[in-house]
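Peer 1: Residue-level listing of the chains:
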Amino acid sequence: MAAVCFYFQVHQPFRLRNYTIFETDSNYYDDFKNSQICRKVADKCYLPANRLILELIRRYNGKFRVAYSITGVLLEQLEKYAPDVLYTFKELADTGCVEFLGETYHHSLSSLYSHKEFLDQIDLHTQAIEKHFAQKPKIFRNTELIYNNQIAELIESTGQFDAILAEGADHILGYKSPNFIYQPLRCKKLKLLLKNYKLSDDIAFRFSNQGWAEWPLRAPKFAQWVNAVNGCGYTVNLFMDYETFGEHQWESTGIFNFLRHLPGEILNHPDNSFKTPSEVIQSYPVCETLDIPYTISWADIERDVSAWLGNPMQRNALTEVYKIEQMVKDTADSGIIEDWRKLLTSDHFYYMCTKWFSDGDVHKYFNPYDSPYDSYINFMNVLDNLCSRCKNILYTDSRQLLTAKKAGTKRASRKNRDRDYVSERN
Amino acid sequence: MKVFMLGWEFPPFISGGLGTACYGLTKAMSRQGTKITFVLPGGNDQTSDFMKILTADGFLNSEEFKNITFRSTHTALNPYASASGVSTSIEKNVETKSGSPIWQTASSGNQKHYGGDVFEKVQKYTSNATQIAATEKFNIIHAHDWMTFPAAIAASEISGKPAVVHVHSTEFDRCGDYVNQAIYDIERYGMHKAHKIIAVSNYTKNIIINRYSVPAEKIKVVYNGVESCGATRNISNKRDKIVLYLGRITFQKGPEYFIAAAKRVLEKMSNVKFVIAGDGDMTHRMIEYAAYLGIGHKVFFTRFLRGQNVERVYRMSDLYVMPSVSEPFGIAALEAMINNVPVILSRQSGIAEAVSNALKVNFWDVDEMADKIAAVLKHQPLRTMLTENGCAEAGGFRWDNSAAKVNEIYRQVLACA
Numbered sequence: 261m262a263a264v265c266f267y268f269q270v271h272q273p274f275r276l277r278n279y280t281i282f283e284t285d286s287n288y289y290d291d292f293k294n295s296q297i298c299r300k301v302a303d304k305c306y307l308p309a310n311r312l313i314l315e316l317i318r319r320y321n322g323k324f325r326v327a328y329s330i331t332g333v334l335l336e337q338l339e340k341y342a343p344d345v346l347y348t349f350k351e352l353a354d355t356g357c358v359e360f361l362g363e364t365y366h367h368s369l370s371s372l373y374s375h376k377e378f379l380d381q382i383d384l385h386t387q388a389i390e391k392h393f394a395q396k397p398k399i400f401r402n403t404e405l406i407y408n409n410q411i412a413e414l415i416e417s418t419g420q421f422d423a424i425l426a427e428g429a430d431h432i433l434g435y436k437s438p439n440f441i442y443q444p445l446r447c448k449k450l451k452l453l454l455k456n457y458k459l460s461d462d463i464a465f466r467f468s469n470q471g472w473a474e475w476p477l478r479a480p481k482f483a484q485w486v487n488a489v490n491g492c493g494y495t496v497n498l499f500m501d502y503e504t505f506g507e508h509q510w511e512s513t514g515i516f517n518f519l520r521h522l523p524g525e526i527l528n529h530p531d532n533s534f535k536t537p538s539e540v541i542q543s544y545p546v547c548e549t550l551d552i553p554y555t556i557s558w559a560d561i562e563r564d565v566s567a568w569l570g571n572p573m574q575r576n577a578l579t580e581v582y583k584i585e586q587m588v589k590d591t592a593d594s595g596i597i598e599d600w601r602k603l604l605t606s607d608h609f610y611y612m613c614t615k616w617f618s619d620g621d622v623h624k625y626f627n628p629y630d631s632p633y634d635s636y637i638n639f640m641n642v643l644d645n646l647c648s649r650c651k652n653i654l655y656t657d658s659r660q661l662l663t664a665k666k667a668g669t670k671r672a673s674r675k676n677r678d679r680d681y682v683s684e685r686n
Numbered sequence: 048m049k050v051f052m053l054g055w056e057f058p059p060f061i062s063g064g065l066g067t068a069c070y071g072l073t074k075a076m077s078r079q080g081t082k083i084t085f086v087l088p089g090g091n092d093q094t095s096d097f098m099k100i101l102t103a104d105g106f107l108n109s110e111e112f113k114n115i116t117f118r119s120t121h122t123a124l125n126p127y128a129s130a131s132g133v134s135t136s137i138e139k140n141v142e143t144k145s146g147s148p149i150w151q152t153a154s155s156g157n158q159k160h161y162g163g164d165v166f167e168k169v170q171k172y173t174s175n176a177t178q179i180a181a182t183e184k185f186n187i188i189h190a191h192d193w194m195t196f197p198a199a200i201a202a203s204e205i206s207g208k209p210a211v212v213h214v215h216s217t218e219f220d221r222c223g224d225y226v227n228q229a230i231y232d233i234e235r236y237g238m239h240k241a242h243k244i245i246a247v248s249n250y251t252k253n254i255i256i257n258r259y260s261v262p263a264e265k266i267k268v269v270y271n272g273v274e275s276c277g278a279t280r281n282i283s284n285k286r287d288k289i290v291l292y293l294g295r296i297t298f299q300k301g302p303e304y305f306i307a308a309a310k311r312v313l314e315k316m317s318n319v320k321f322v323i324a325g326d327g328d329m330t331h332r333m334i335e336y337a338a339y340l341g342i343g344h345k346v347f348f349t350r351f352l353r354g355q356n357v358e359r360v361y362r363m364s365d366l367y368v369m370p371s372v373s374e375p376f377g378i379a380a381l382e383a384m385i386n387n388v389p390v391i392l393s394r395q396s397g398i399a400e401a402v403s404n405a406l407k408v409n410f411w412d413v414d415e416m417a418d419k420i421a422a423v424l425k426h427q428p429l430r431t432m433l434t435e436n437g438c439a440e441a442g443g444f445r446w447d448n449s450a451a452k453v454n455e456i457y458r459q460v461l462a463c464a
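Residue numbers (our numbering), protein chains in the order written: chain A, 261 to 686; chain B, 48 to 464.
If you are wondering where the hints come from, they were derived from the structure by calculation, not from laboratory data.
Please note that a few of the clues may not be correct.
[Said to hold, decoys possible] Mimicking DSSO-like on lysine-lysine, the simulated pairs with C-alpha atoms at most 27 Å apart in a straight line are:
(1) A:K665 with A:K589
(2) A:K448 with A:K436
(3) B:K425 with A:K589
(4) A:K396 with A:K436
(5) B:K425 with A:K615
(6) A:K449 with A:K436
(7) A:K583 with B:K425
(8) A:K651 with B:K425
(9) B:K315 with A:K583
(10) B:K315 with A:K651
(11) A:K396 with A:K449
(12) A:K396 with A:K448
Remember, predicted model here, so these are calculated numbers, not experimental data.
With the hints as constraints, model all of the structure from the sequences given.
Peer 2: Rendered as structure tokens:
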């Protein structure tokens, strides 16, 4: 009895353009680079992988099932730059064999900095998924699988979700196995699914590594490893970036063929099945409560949050950007709020990471900057401009308020101004 | 291993990075047991032995330099021009005892970068050094920069020992595309005649390949080192931030880009001072340029600094900027880093390829330079990280490593010879 539970993370950030201290306009994004990368990933990964998965779902009459978590910022970019990808995702949604997970719309680290903003972004994401795929997410996965007891409690308090996902590395779990269903500490209803990091990373990281003892990895071999779980677990949770297919592992490595043959090999064993996260928690009982007081994630060897807040620049940038939350929201200016939220995307802080600076490894991936220092400088310049926009509005507002009071008239409603702003932008 | 080494300057008589590099490299080689006879142009005519000047000045700890013998040729010592202008008279058709054909072309061209009659001095140096070579026993010849290349080749031909030429800078770094043909010819002649070339960076190696038509496999890159001083910065709560330029004030070092960037920074922040430490043929023009931009009260010229004063100015500074148009290596940047000063480097430099914990700009991009200067001054976390990581990284550039590489190159050359 082993269910293979696939979940793919689909995300691209709005990368910032080169923004010096001398800029005065509020166009922060590198539209050219973003469209270029979006189109490239669409052609190399999203489109071929979506088509393949659609083909597999049809071939196995719904016995092959997967889950996706697509960020709001990527959905926006797909609408703009690659609507064909969005269409194929909709086709996948229509098969009924695909589950869409919930997360923060802006792929942010808000769970660590502002619970209010965290919940707001989850709502925004839920709305976007409902709009595009007519599903309400029932499973939550936080940005980069960032997780601790408190985050789980917060997610349970929303009442929307049945389960939350987290990393299942050895040094976190100890003797425990990621192949069972757990319950977060102090949660009554919410369940916890853990990534089988070994089998996930065999596909996501080691697949094309010719120095690896198991290379080349073929579907039958992988199916044997999954079969070995029978009897000591219910589910094999394979969580990975969708870009694994065609981007991290190029097509020439045989990654698509691997995926093509995997369902057949897995289903050869009568006890095996494919399940979405929701189906997994409905099918199997909770075995234990899990206490994770320290924040973990799925990143790097450390499996902690040091990739985003490991150095003084990152901590400073994060503190500064979350510090202005109230001021940003006080402006009630949808343009400013949206720009602020796009600055919260975790990738901006990832680019500032100096951990593996000299190695030039996975952190370099689609990184638009030459160095972490450059990314910090650029980010702070944009943030500075955003701050002055806020101050402009609030300052003008309070002045208007004063004059309005003096004149004894009511201030023009915010809503009107917002509408004007939106129509201006469109 | 005994090395016949030909140099042009040595502390305390230096005008740039060449003397510093020769000092660091020979000291480390001496520590590693390599015996060196180091030939230098002597002080003017009647001055006593150069070695005596060095020891009298307390520069050479006899223990550290126990494997080095200094020999002096009695030619004047002033390789670079000073601000007050120089004589450019060139003695034509000088005869040379070394009989090198290169002198045929060395009779014309622009001399502005060199003090006095440089070709005459080089020629005297060549003939005297060649005479010294005839009295010495050694396994290999090592020459630093073009002034000593003719002597190296002549000594090699006389002794039959292989010559290694060490390129600390090329004519294209110093002059851009308007090179002095005579100097270029000497450089090219030395590079082609030498058995091996040591370049101070890949940046310089590429110039040697592309501009001097030398095959890549003949060139080895050996980075310079820096001496750790362990000095701590006095972090006083001074009101104004100080941005430092330290280097010769010449075309090669890009001082005008520094001043233009200063102007842009001052548009955004006022509590900044810009210090230009150094001297050179563009000093007066740069003083005028700062005044013309209306920032004369914010830009300070210290003129040439030595020894203790260099360390003091580093310790005062919040940021070091190296805006060089073309910098073969850039020891000064390493010195700044190891003195706990954050640095902004021109991408057109050797050091930019070798370090990660520094900000890098294209020298001509004044806005980018100003943007980064302002960022370093404004953001404490950025300063902290550049300082701490930069100091640690610079500490990895040790003259012992450079010396070991040079010794390895000697072995390869001797094995082939």
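Peer 1: Checking each numbered hint in turn, tell me which of them this model violates, lowest number first.
Peer 2: 4
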